[in-house]
Structure formats: C-alpha cells, structure tokens
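Peer 1: Could you build all of it, start to finish, from the sequences and the hints given here?
Each chain is listed here by its residues.
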Amino acid sequence: MTFWKQAIEIARVDLSVERRTGDVFRIVIPFSVIALLVFPLALGVDLSGISLIGPAVYWALGILFGMQVALRQAAADTPERRDLYSLLGVDPAAKFAGRAISGSLLTLGFFSALLVAMLILYNPRLSNGWVGPAIASTVLAAIGLTELGTLAGEVTAGLRSRTSLASLIVAPLAIPLVIGGSQTLEAITRKASILPWILLLLATDLALAVAGVGLARPLEETSR
Amino acid sequence: MTFWKQAIEIARVDLSVERRTGDVFRIVIPFSVIALLVFPLALGVDLSGISLIGPAVYWALGILFGMQVALRQAAADTPERRDLYSLLGVDPAAKFAGRAISGSLLTLGFFSALLVAMLILYNPRLSNGWVGPAIASTVLAAIGLTELGTLAGEVTAGLRSRTSLASLIVAPLAIPLVIGGSQTLEAITRKASILPWILLLLATDLALAVAGVGLARPLEETSR
Amino acid sequence: MTRTRILFALAGIAVAAGLWLAFTSPTDVVQGEFSRIINVHVPSMWVAFMAFGLTAASSIAWLLRKTARWDRLAEASAEVGVLFTAVGLFTGMAWGQAVWGRAWDWSDVRLATTAVMFFVYIGYLALRRATPDPYARARRSAILGAIAVIQVPLVYFSVNLFRTLHQTQSIRPDGSTMPTEMLIAMGVNVIAFTVLFAALIAARLDVAKAELAVAPAPVQADQGITPPRLSEVEDV
Amino acid sequence: MTSLASLAHVGVTLGESRVLNGVTIAVSAGQVVGVAGSNGSGKTTLLRVLATLLRPRTGEGQVLGADLGSNDVFGIRSQIAMISHVPAVIPELTLEENLVHAARVSGHDMDRVATALRVVGLEGVMGRRGSASSFGMLRRAEIARLLITRPKLVLLDEAFSGLDSDAQALIDALIDRTVNAGGAAVVVSHDRAQLRRATTVFALSAGTLEEMA
Amino acid sequence: MTSLASLAHVGVTLGESRVLNGVTIAVSAGQVVGVAGSNGSGKTTLLRVLATLLRPRTGEGQVLGADLGSNDVFGIRSQIAMISHVPAVIPELTLEENLVHAARVSGHDMDRVATALRVVGLEGVMGRRGSASSFGMLRRAEIARLLITRPKLVLLDEAFSGLDSDAQALIDALIDRTVNAGGAAVVVSHDRAQLRRATTVFALSAGTLEEMA
Ligand code: HEM
Ligand SMILES: Nc1ncnc2c1ncn2[C@@H]1O[C@H](COP(=O)(O)OP(=O)(O)OP(=O)(O)O)[C@@H](O)[C@H]1O
Ligand SMILES: Nc1ncnc2c1ncn2[C@@H]1O[C@H](COP(=O)(O)OP(=O)(O)OP(=O)(O)O)[C@@H](O)[C@H]1O
Ligand SMILES: [Mg+2]
Ligand SMILES: [Mg+2]
Numbered sequence: 000m001t002f003w004k005q006a007i008e009i010a011r012v013d014l015s016v017e018r019r020t021g022d023v024f025r026i027v028i029p030f031s032v033i034a035l036l037v038f039p040l041a042l043g044v045d046l047s048g049i050s051l052i053g054p055a056v057y058w059a060l061g062i063l064f065g066m067q068v069a070l071r072q073a074a075a076d077t078p079e080r081r082d083l084y085s086l087l088g089v090d091p092a093a094k095f096a097g098r099a100i101s102g103s104l105l106t107l108g109f110f111s112a113l114l115v116a117m118l119i120l121y122n123p124r125l126s127n128g129w130v131g132p133a134i135a136s137t138v139l140a141a142i143g144l145t146e147l148g149t150l151a152g153e154v155t156a157g158l159r160s161r162t163s164l165a166s167l168i169v170a171p172l173a174i175p176l177v178i179g180g181s182q183t184l185e186a187i188t189r190k191a192s193i194l195p196w197i198l199l200l201l202a203t204d205l206a207l208a209v210a211g212v213g214l215a216r217p218l219e220e221t222s223r
Numbered sequence: 000m001t002f003w004k005q006a007i008e009i010a011r012v013d014l015s016v017e018r019r020t021g022d023v024f025r026i027v028i029p030f031s032v033i034a035l036l037v038f039p040l041a042l043g044v045d046l047s048g049i050s051l052i053g054p055a056v057y058w059a060l061g062i063l064f065g066m067q068v069a070l071r072q073a074a075a076d077t078p079e080r081r082d083l084y085s086l087l088g089v090d091p092a093a094k095f096a097g098r099a100i101s102g103s104l105l106t107l108g109f110f111s112a113l114l115v116a117m118l119i120l121y122n123p124r125l126s127n128g129w130v131g132p133a134i135a136s137t138v139l140a141a142i143g144l145t146e147l148g149t150l151a152g153e154v155t156a157g158l159r160s161r162t163s164l165a166s167l168i169v170a171p172l173a174i175p176l177v178i179g180g181s182q183t184l185e186a187i188t189r190k191a192s193i194l195p196w197i198l199l200l201l202a203t204d205l206a207l208a209v210a211g212v213g214l215a216r217p218l219e220e221t222s223r
Numbered sequence: 000m001t002r003t004r005i006l007f008a009l010a011g012i013a014v015a016a017g018l019w020l021a022f023t024s025p026t027d028v029v030q031g032e033f034s035r036i037i038n039v040h041v042p043s044m045w046v047a048f049m050a051f052g053l054t055a056a057s058s059i060a061w062l063l064r065k066t067a068r069w070d071r072l073a074e075a076s077a078e079v080g081v082l083f084t085a086v087g088l089f090t091g092m093a094w095g096q097a098v099w100g101r102a103w104d105w106s107d108v109r110l111a112t113t114a115v116m117f118f119v120y121i122g123y124l125a126l127r128r129a130t131p132d133p134y135a136r137a138r139r140s141a142i143l144g145a146i147a148v149i150q151v152p153l154v155y156f157s158v159n160l161f162r163t164l165h166q167t168q169s170i171r172p173d174g175s176t177m178p179t180e181m182l183i184a185m186g187v188n189v190i191a192f193t194v195l196f197a198a199l200i201a202a203r204l205d206v207a208k209a210e211l212a213v214a215p216a217p218v219q220a221d222q223g224i225t226p227p228r229l230s231e232v233e234d235v
Numbered sequence: 000m001t002s003l004a005s006l007a008h009v010g011v012t013l014g015e016s017r018v019l020n021g022v023t024i025a026v027s028a029g030q031v032v033g034v035a036g037s038n039g040s041g042k043t044t045l046l047r048v049l050a051t052l053l054r055p056r057t058g059e060g061q062v063l064g065a066d067l068g069s070n071d072v073f074g075i076r077s078q079i080a081m082i083s084h085v086p087a088v089i090p091e092l093t094l095e096e097n098l099v100h101a102a103r104v105s106g107h108d109m110d111r112v113a114t115a116l117r118v119v120g121l122e123g124v125m126g127r128r129g130s131a132s133s134f135g136m137l138r139r140a141e142i143a144r145l146l147i148t149r150p151k152l153v154l155l156d157e158a159f160s161g162l163d164s165d166a167q168a169l170i171d172a173l174i175d176r177t178v179n180a181g182g183a184a185v186v187v188s189h190d191r192a193q194l195r196r197a198t199t200v201f202a203l204s205a206g207t208l209e210e211m212a
Numbered sequence: 000m001t002s003l004a005s006l007a008h009v010g011v012t013l014g015e016s017r018v019l020n021g022v023t024i025a026v027s028a029g030q031v032v033g034v035a036g037s038n039g040s041g042k043t044t045l046l047r048v049l050a051t052l053l054r055p056r057t058g059e060g061q062v063l064g065a066d067l068g069s070n071d072v073f074g075i076r077s078q079i080a081m082i083s084h085v086p087a088v089i090p091e092l093t094l095e096e097n098l099v100h101a102a103r104v105s106g107h108d109m110d111r112v113a114t115a116l117r118v119v120g121l122e123g124v125m126g127r128r129g130s131a132s133s134f135g136m137l138r139r140a141e142i143a144r145l146l147i148t149r150p151k152l153v154l155l156d157e158a159f160s161g162l163d164s165d166a167q168a169l170i171d172a173l174i175d176r177t178v179n180a181g182g183a184a185v186v187v188s189h190d191r192a193q194l195r196r197a198t199t200v201f202a203l204s205a206g207t208l209e210e211m212a
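Residue numbers (numbering that gives the first Met the number 0), protein chains in the order written: chain A, 0 to 223; chain B, 0 to 223; chain C, 0 to 235; chain D, 0 to 212; chain E, 0 to 212.
Misleading hints may appear alongside valid ones.
Unchecked claim - When the alpha-carbon atoms are kept at most 30 Å apart in a straight line, the in silico BS3-like pairs for lysine-lysine are as follows:
no.	chain 1	residue 1	chain 2	residue 2
1	B	K4	E	K151
2	C	K65	C	K208
3	D	K151	A	K190
The hints are simulated quantities; they were obtained by calculation from the structure and are not laboratory data.
Peer 2: Given below as structure tokens:
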C-alpha cells in the first residue's frame with residue numbers, strides 16, 4: 000500500500016502548490032476562452048453553423064490547451080526536487096500515478112471551465128442525454144491527456160527546448176483522445192452507440208497508465 | 000540609446016538560446032502541422048466546411064503560441080535573474096522591449112510556418128489580393144500577441160506571491176487582436192476596406208507597447 | 000561494409016524482380032493502370048510499420064541491456080521508417096489524385112493517422128537531436144520509441160473504426176479479396192522492400208559507427224580550471 | 000566493520016567531460032569520510048554516484064548492498080540522504096508542510112516533525128513558506144528532514160555553508176547520531192576545519208581519489 | 000570621506016514579519032563593513048535594501064546619491080553589485096557568453112571578459128554551459144562579472160561559500176580593488192575569519208544593527 004500512499008500524498012501536495020500559484024487559473028483558462036471566441040469571429044457572424052462546430056472546437060482547444068496544464072506540472076519538477084523524491088524512496092511509478100491524479104483533476108477543472116464557456120458562447124444544439132457521455136468522455140480524455148503530458152514531460156526533462164518539444168510529442172499521441180472525445184458527442188447526435196468511443200478512450204488511458212508505470216524507473220533517470 | 004542597445008542585446012540572447020534548441024525549425028513547424036491536423040479530426044468525418052474554418056484555426060493557434068510565451072516568461076524569469084538584470088542597470092522597459100522583440104520574431108516564424116501549412120492542408124477559399132493584408136495583419140497580430148504574452152508573464156511573475164486577479168485582465172486584451180486579424184481577411188472577401196481593422200491592430204499594439212513600457216518599473220518592483 | 004554491399008545487391012535484384020512483376024501483372028478493372036501503384040504504396044507502409052516496430056523492440060532492448068548497439072539500431076530503424084512513410088504518403092497522394100480526384104481528404108481517418116504517425120517519428124528524431132549527451136539521448140529516445148509504436152495499430156485499424164474512402168484491409172484471416180496474380184506481385188514487392196529495408200539499416204549503422212570513431216575523446220573535466228591569477232586582477 | 004558503500008575503478012562522463020576516472024573508495028559503518036578538492040574536480044559528482052543518482056559509466060560499485068548497475072538501488076535509496084549546494088525545499092509550502100510531506104512520502108512517523116523542528120530551532124517559524132525563508136533557515140529545515148528520516152548513509156556537500164555558528168553544531172550532531180547508529184557519513188568541504196571529524200580524508204583531482212595525510 | 004550609502008531608522012516588513020526594525024548605518028568610500036548575525040536575522044534583506052532592490056517601508060536612506068524612495072535608484076543601480084547565496088547565471092549560456100551578455104547589457108568593454116576569465120581561473124572551461132558547471136565554477140564566474148563591471152558598491156552575501164581555498168583569495172582581491180578605487184564593500188559572513196578585512200563589524204539581531212567590538 001506504500002504505492003498509493005505515496006501517490007496520493009504527491010497528488011495532494013501538487014494540488015496545494017497549484018492552488019497557491021494558480022497559473023492554470025490565471026493564464027491557461029483565460030487564454031483558452033479567448034481562443035473559443037476566435038471561431039465565431041473568424042467565421043463571421045452570419046454563419047449559422049456556429050452552434051454545430053461547438054463540440055468540435057471544444058475538443059480541439061481542450062486538447063491543445065489542456066496539454067499545457069499537464070506540461071506545466073512537469074516543468075515544476077526541478078532537478079533538486081527530483082533528487083529529493085528519489086532519496087526519500089519515492090517509487091517513480093507512484094510519482095507518476097500521483098502526478099497523473101493531480102494533473103487530471105487540474106485538467107478536468109480546465110475542461111469544465113472551457114465547457115461552460117463553450118455552452119455559453121456557442122449555444123450548441125445537443126441531443127438529449129448528452130450530459131452523461133460528455134462528462135464521461137471529458138473525464139477519460141483529461142486523464143489520458145495528463146498521463147501523456149506527464150510522460151512527455153519526463154522524457155524531455157532537463158532539455159532546453161522542453162516545452163515545445165514536449166508539445167510536439169504529446170500532440171500527435173493525443174489524437175486517439177481527440178477522436179474518442181469528439182466522436183462520442185457525434186455518436187449521440189447520430190443516435191449511434193457511444194460504446195466504441197468510450198472504449199477507445201478507456202483503452203488509451205489504460206495503455207498510457209501501463210506505459211507510465213512500467214517505464215517510470217527508466218524515465219526517472221532520464222534527467223540525469 | 001542605451002535603451003535600444005539593452006533591448007537588442009536581450010533579444011539577441013533570447014534568440015540565441017532558442018536557436019540552439021532548434022526550436023522553430025525542428026520542433027515548432029511539425030507541431031503547427033499537427034495542431035492543424037487535430038482540428039479536422041475533432042470536427043469529425045462529415046464536415047465539408049474544412050476550408051471555411053482555416054483562418055479561425057490559424058488565429059486560435061496563434062493565441063496558443065502567445066500563451067506559451069506568457070508561460071515561458073513567467074517560468075524563466077527567476078528572482079535571481081531579475082535581480083541580476085536590475086543590478087546590471089538594465090532598464091525594465093528595455094527588458095520588456097527586448098523580450099517583445101525576440102518573442103515577436105519567434106511568433107512570426109511560427110505564424111509563417113502555420114500559414115503555409117494551413118494553406119496546403121486546408122486549401123481555404125481566399126479572395127484575390129489576400130496576400131498583402133494577410134501578411135500585414137499577421138505581423139501586427141504577432142507583435143501584439145507577444146507583447147500581451149510578455150505582459151501576462153510579467154504580471155504573473157510579479158504578483159505570484161499575492162493573490163491577485165490582475166493577470167486575468169490581461170488575456171481579454173487579445174480580443175481586439177483577434178478581431179482585427181480575422182476581420183481583415185473577412186473584409187477582403189466582402190470587398191470592404193481593411194483599413195479600420197489594420198488600424199485597430201496598430202492601435203492595440205501601440206497601447207500594449209505603452210502599457211508594457213510604462214508598467215515595467217512598477218511591475219519590476221512588485222515582484223519583490 | 001561487405002554485409003551492407005551484399006544486402007544492397009540482393010535488394011537491387013529483388014526490387015528489379017518486383018518492378019517487373021508490377022508492370023506485367025493484371026490491373027484492377029476499375030482503376031486501370033493506376034492500380035499498379037499498390038506495389039509501392041502498400042510495401043512501403045508495411046515496411047514502415049515494421050521499422051517502427053523494430054525501433055520499439057530495440058528501444059525496449061536498450062532499456063533492459065543499456066548497450067549502445069540497441070540505441071543505434073533504434074535510431075537507424077526510425078530514420079528508415081520515416082523515409083518509407085514518406086514514400087507511402089507520397090505514392091498514396093499521387094494515387095488519390097488519380098482515382099479520387101484529390102491528393103488529400105480530410106474526411107479520411109487513415110490519411111490523417113498516417114500523417115500523424117509520420118510526425119510522431121519526426122518528433123522522435125527531433126528529441127534525439129535535442130539531447131547532446133549520448134547516454135541521456137539513448138535513454139530518452141528509448142522511452143519515446145517504446146511509447147510511439149502505439150501509433151502503428153492506430154493507423155492499421157483506422158479503416159475499420161471509421162467510414163473511410165480508403166480501402167480496408169484486403170488481406171485478412173478469412174481470405175484475400177485480391178486476384179492471385181496481383182497478390183503474387185505485391186508479395187514479391189513486400190519481400191523486395193524488406194530486403195531494401197535491411198540494406199538501408201545496415202548502411203545507417205555503418206555511418207553511426209563511423210561517427211562514433213571520429214567523435215572527440217572526452218577531456219578531463221577539471222583540466223581547464225586553474226588557481227586564480229591574483230596578480231592580473233588590475234588588468235581587467 | 001560492514002561495508003556500506005564501495006566503488007571500484009568508477010568512471011563518469013558528463014557531456015564531453017570525463018569527470019571521474021577510476022575512483023576506488025570504501026565506506027564502512029561508523030566511518031566519516033572527508034573529501035576535499037578544488038572547484039570542478041568532481042566532488043558533487045562523486046556524492047551523486049554514492050547516492051545512486053548517477054550510474055557509473057565504467058567500473059563497479061555497491062551501496063547498502065545494492066549493485067549500482069542494477070535496479071536494486073530503488074529499494075535502498077530511502078536509506079541515503081544528501082544535502083546539496085542548494086537546499087531542496089518546495090518553495091510554495093511552509094517549512095512544516097515540507098517536513099510533513101517528506102515524512103509522509105517516506106513512510107516515517109509524523110510525530111517526529113515537531114521534535115525535529117524544535118531541535119533545529121525553527122519551531123517558531125515553521126509556518127513560513129520556503130520562499131519566505133532565509134537560506135540558513137532552509138538549510139536547517141534540511142537537517143530536520145535528515146533527523147526525521149534517519150538515513151544510514153549521509154552525504155554532505157558543503158552542508159556547513161549558510162549555517163550560523165550555533166547551527167553548525169547540528170551537522171556534527173547529525174554525523175554523530177548517524178555513526179553511532181551504525182551508519183556512515185561522507186563529508187565534502189573546502190574547509191579543513193570542517194573535516195575534523197573525518198576518520199579518513201581523500202583529495203579528489205584529475206578524476207581520481209588519493210588519501211591525504 | 001564621501002558617504003556611499005546610508006540608512007536611517009530603516010524598517011522593512013515582508014509578508015507578516017518585520018525583518019528590519021530601525022536600522023541605521025553609514026558606508027563611506029574606502030570602507031569594508033562586516034555584518035554578522037544568526038540565521039534569519041535579516042542580513043540578506045539588509046543587503047537587498049542597500050542594493051536598492053527592496054524599498055524601506057519606514058525610515059530613509061540614500062545609496063550613491065539616490066534617495067531610496069525615489070526613482071533615481073534606477074540610474075545608479077549599475078554601480079552596485081551583489082553576490083547572493085545562489086549564483087545568478089543563465090544556465091543555457093556558456094560561462095563566457097554569460098559574461099559577454101553582462102558586459103554588453105551594462106555597457107562595458109567586452110575585451111575585459113577574456114582577462115576576467117583568466118583571472119578567476121576559468122579560461123580553460125569558458126565554453127562550458129552554466130548548467131554543466133559546478134557550484135564553485137559559477138561562483139567564480141560571478142566574481143569575473145564583478146571584475147568586469149567594476150561596481151562602486153560591492154555587496155557580498157556569504158560569497159566565500161563554495162569557493163576552494165585558492166579561489167577565496169579572489170574575494171579579498173575584489174574587495175581590495177573596489178576599496179582602492181574609492182568604492183566600498185559590505186560583507187556578510189558567519190565566519191569571523193572571513194570578516195578580517197572589515198573596518199567595522201556590525202551584528203544584526205532583532206532587526207537592529209549593533210557595532211561589535
Ligand atoms: C495520402 C493518401 C494515402 C495514405 C496516407 C495511405 C495510407 C495507407 C497505409 C498506412 C496503408 C497500410 C495499412 C494496411 O495495410 O492496412 C495503406 C494500404 C493500402 N492503401 Fe493506402 N493510403 C493513401 C491512399 C490510397 C489510395 C488513393 C488508394 C487506392 C484507391 C489506396 C489503397 C490502398 C490499399 C489497397 C492498401 C492495402 C490494404 C490491404 O490490402 O491491407 N491508398 N494505405
Ligand atoms: N517574503 C517574505 N515573507 C515573510 N518573511 C520573509 C520573507 N522573506 C524573508 N522573510 C523573513 O525575513 C527574515 C530575514 O531573512 P534574510 O534572508 O534576510 O535572513 P539572513 O540574515 O540572510 O539569514 P541567513 O543567515 O539564513 O541567510 C527571515 O526570518 C525570513 O523568514
Ligand atoms: N552536464 C555536464 N556536462 C559537462 N560537464 C559537466 C556536467 N556536469 C558537470 N560537469 C563538469 O564536471 C566537473 C565536476 O563537477 P562537480 O559539480 O562534481 O564539481 P565539484 O567538485 O563539486 O566542484 P565545486 O567545488 O565547484 O562544487 C566540473 O568540471 C563540471 O564542469
Ligand atoms: Mg560541488
Ligand atoms: Mg541570507
């Protein structure tokens with residue numbers, strides 16, 4: 000049970016640190032909401048299709064900006080702190096799990112803010128019963144995105160070009176998440192089954208979790 | 000003339016740090032292509048309007064880049080480095096100018112790559128004579144977005160220890176930039192005058208420059 | 000060196016045979032002469048898949064063994080894989096232009112996922128360039144190499160997941176949907192491309208070894224650090 | 000005497016510089032090993048190898064029974080502690096929260112936190128954030144962390160620096176306690192006086208260790 | 000003797016803690032002022048006030064002719080230099096590039112960089128990145144920076160720490176040169192021996208300064 004104890008303790012501390020600095024709240028959310036505004040503006044007011052593309056824009060921006068939330072966490076991991084955790088006997092896999100937990104919660108917070116903004120700005124026509132699937136797919140996508148961000152952050156730890164390189168690595172690997180997320184809402188509209196998409200998200204999350212936990216030890220050494 | 004000497008030296012060092020990492024060519028360009036790929040995937044299979052949303056996606060990604068500038072600023076400007084610059088007699092306003100110059104050049108590089116990729120991948124329907132205005136509005140918007148990012152970064156770094164919502168106010172300043180940028184292309188399509196939009200961009204750039212230079216000293220002090 | 004030459008000679012013979020079959024085998028009824036592109040398009044993609052699989056396998060081997068050979072193999076394989084992906088993309092786009100009337104189509108997930116796979120491995124190569132220390136580079140890229148391979152099944156199964164323009168697999172456990180002659184031509188080409196792949200890898204490994212030989216020898220870290228020269232303080 | 004750590008012909012290369020070049024050393028229980036050497040000679044690197052944070056490129060070694068090349072190191076790391084040039088403290092957390100975090104994550108009793116804070120003289124300011132603490136306060140907080148986790152192998156990289164003369168006695172107390180409990184300490188310092196507790200003193204130069212008189 | 004810096008009844012509050020509480024001090028040309036005090040007593044804070052990086056909440060002061068409350072401080076800052084607990088170096092740049100950058104930005108002759116690197120003994124490793132340098136190498140690079148910019152008021156916050164015994168002489172040389180050129184130095188240290196050059200030594204405690212015997 001040390002594993003979960005360590006993971007939860009790390010997640011707890013990460014969240015309390017973020018609560019005190021608040022970059023997600025101060026920078027990522029406002030900028031992403033502005034990005035949401037761009038579409039109606041650039042498409043021209045007369046375009047009636049604005050309410051149609053709402054969900055798609057939500058997913059695209061959510062993934063691109065949400066990535067930054069996960070990557071920020073990785074950036075806070077200075078070499079001194081990595082050494083400290085190692086010598087405190089923290090299992091790298093537990094650290095990965097803890098990071099994934101706290102990052103997922105933050106990313107979820109970000110997605111919620113974005114979702115509300117999207118609903119207000121785009122007033123999309125959604126079929127009945129969209130709430131459950133939307134929440135489920137958002138949660139799963141947030142988890143996957145965070146896992147990816149944490150992994151990419153570790154791989155690029157200590158590199159100067161870190162943020163951009165990590166973005167480059169995360170963005171393509173995030174494609175299954177985008178597909179799964181956006182197709183879930185699509186499927187409801189078309190009254191098709193959402194199961195395959197939810198399963199795709201779930202499978203991606205699990206694969207990333209396995210990769211993260213399995214590769215945690217070699218990853219831990221990458222920055223050295 | 001010390002002002003410009005300092006500003007240019009700071010820009011030079013910023014750029015040489017970036018150049019070493021090979022960011023723009025090896026990383027940012029592939030990233031922009033992938034980001035462009037994310038949108039169509041999120042939009043799903045049916046949307047035929049891909050060529051319509053090209054410009055909107057273009058501007059949304061521009062904002063993303065501006066935000067990255069902000070986050071990077073906030074992270075790279077450690078207290079030690081701020082003190083160092085102060086005691087080297089660097090005028091805070093010159094520092095802002097230098098950061099804005101290097102950032103604008105990077106953002107412009109990003110926008111150029113993005114524009115080319117967008118044109119190839121999205122094949123948007125553009126009216127004749129779009130090139131000049133597109134370049135003009137891109138340059139102006141790139142400058143504005145970078146100024147904004149730099150300002151947001153300074154405000155966040157400066158006010159980190161305080162609980163302040165000041166940085167939340169910065170992001171909305173992107174709205175005039177985005178309106179100006181997207182409406183310039185709109186205007187050509189409608190064969191309307193692009194002048195008001197170019198002027199809007201110019202005015203915003205100037206206002207941000209004045210704010211950045213004027214607020215540099217007080218901001219520099221609040222960080223302590 | 001000789002190994003590389005022999006492999007290239009074999010690849011030359013095999014590719015020549017493949018091309019001959021490609022131009023003599025019967026064509027598709029609907030697509031006409033254009034269907035011959037299949038003999039380059041499909042083997043390229045399959046070899047690319049194999050290359051990325053090999054990158055993943057050697058990455059894992061590096062993580063287990065930490066010997067530089069596996070790292071060099073992973074790199075060589077990724078580079079060659081990117082090359083073949085490019086060939087596959089290019090032939091696909093040419094084919095699309097001929098039979099669909101356009102080179103690229105957004106509504107097709109196979110196309111998008113293939114492009115993404117291409118960029119994932121561009122990212123892998125970028126990560127390698129960004130890391131100067133050889134050991135750190137090996138470790139970092141091994142991890143990415145092991146993760147990035149999930150892109151391969153995504154590309155492969157994308158046709159089944161979505162309604163696409165692009166063809167679904169024509170070779171399946173339950174039998175093939177292609178005429179036998181076409182199948183034979185393609186089979187020979189797959190073999191030829193595989194031999195070519197092996198030859199390219201061998202050549203890339205030779206280059207890597209040559210680079211290693213000219214790499215500067217490390218210098219003792221504290222060699223350039225001297226006691227201060229106090230007498231010269233006034234000269235500054 | 001049981002051997003707690005030993006390196007045999009260890010070489011370390013970072014980037015293009017060869018930092019350690021055939022280092023052989025043995026640290027047994029109860030020993031205090033001093034290491035001296037000029038700037039950039041590789042003292043910090045040596046400590047990082049002993050801390051299992053850096054794997055030797057050549058040569059062999061074992062620390063607390065774990066082979067340095069193997070994955071066993073993950074199991075014994077919690078019994079090693081290092082104080083580095085720059086204190087490792089999470090700046091957004093208070094000093095107390097930092098110690099509680101360290102105790103929780105390493106599975107130690109949280110009751111020790113209050114006592115440790117009192118011992119290092121930070122009881123009255125334990126609510127101050129890391130970012131609002133002076134350098135010496137952070138150093139003391141690190142010592143408190145070592146008192147809580149009771150490592151077997153203590154690695155001190157100029158740990159005296161930044162501590163006022165009263166607080167420097169804490170380092171001696173820490174060393175004593177570790178040694179008495181059957182552990183060992185490796186102490187790096189430029190000041191011979193601070194190496195006075197050392198049972199053996201080595202000088203590091205050109206990547207190799209040599210015993211000093 | 001011209002006064003280079005003077006504080007009168009200066010008080011500083013950071014967060015909820017009153018750090019300085021009526022500090023009065025005068026530093027004149029040619030003087031070396033030593034400051035001692037226990038951890039957390041406010042020595043670093045005092046140096047930051049003298050560096051014009053922190054404005055006093057109460058009281059008055061002037062440094063190099065600029066009133067601490069006014070905007071004149073921006074004009075005289077380039078004549079002040081401080082060495083802090085943690086070396087300030089841009090990690091992505093090489094040691095040489097760091098110094099060139101500092102020289103350029105402060106309008107000094109770039110020719111001095113090579114000489115300064117030679118003086119501090121880093122000529123052979125000037126191409127090494129900040130991130131690939133040892134703590135003491137960064138300290139030496141900082142001293143080189145001060146040699147290049149020739150400040151009138153030098154503030155040293157435990158600047159000896161991390162330097163090997165040869166390099167510690169650099170600090171003395173730096174102080175001598177500053178003083179001989181009509182400047183002054185304020186030296187903070189926990190080690191009385193390192194304050195030997197001080198013409199006056201103050202002890203800081205409970206937020207006030209007191210001259211020591
Ligand atoms: C840029 C455009 C294209 C891309 C990126 C692309 C990508 C791929 C990939 C990755 C594969 C290998 C996966 C597999 O074997 O299932 C493949 C196979 C194949 N492609 Fe394409 N392709 C493109 C255009 C086309 C076009 C225009 C055609 C023909 C109309 C075509 C016909 C085929 C066929 C028949 C296979 C073999 C499927 C099988 O037998 O399993 N492709 N393509
Ligand atoms: N931002 C802040 N908020 C609250 N208190 C602070 C802040 N910054 C510093 N302090 C407090 O001010 C006091 C003086 O700090 P300072 O760094 O000046 O001490 P110092 O004398 O240099 O100590 P040391 O010998 O440890 O370096 C400390 O008690 C510290 O906790
Ligand atoms: N990543 C790296 N790349 C290249 N060289 C490096 C790297 N890291 C450290 N070095 C070099 O290794 C040598 C040893 O560094 P180390 O920090 O161990 O020295 P040290 O003995 O602790 O010195 P100090 O007394 O200054 O603390 C230095 O010369 C340094 O420049
Ligand atoms: Mg050291
Ligand atoms: Mg201090």
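Peer 1: Each hint: holds or not?
Peer 2: Evaluated hints:
no., hint, in the structure
1, B:K4 - E:K151, "holds (23 Å)"
2, C:K65 - C:K208, "holds (17 Å)"
3, D:K151 - A:K190, "violated (64 Å)"
Hint 3 from the earlier list is the only one contradicted by this structure; the remaining hints agree with it.
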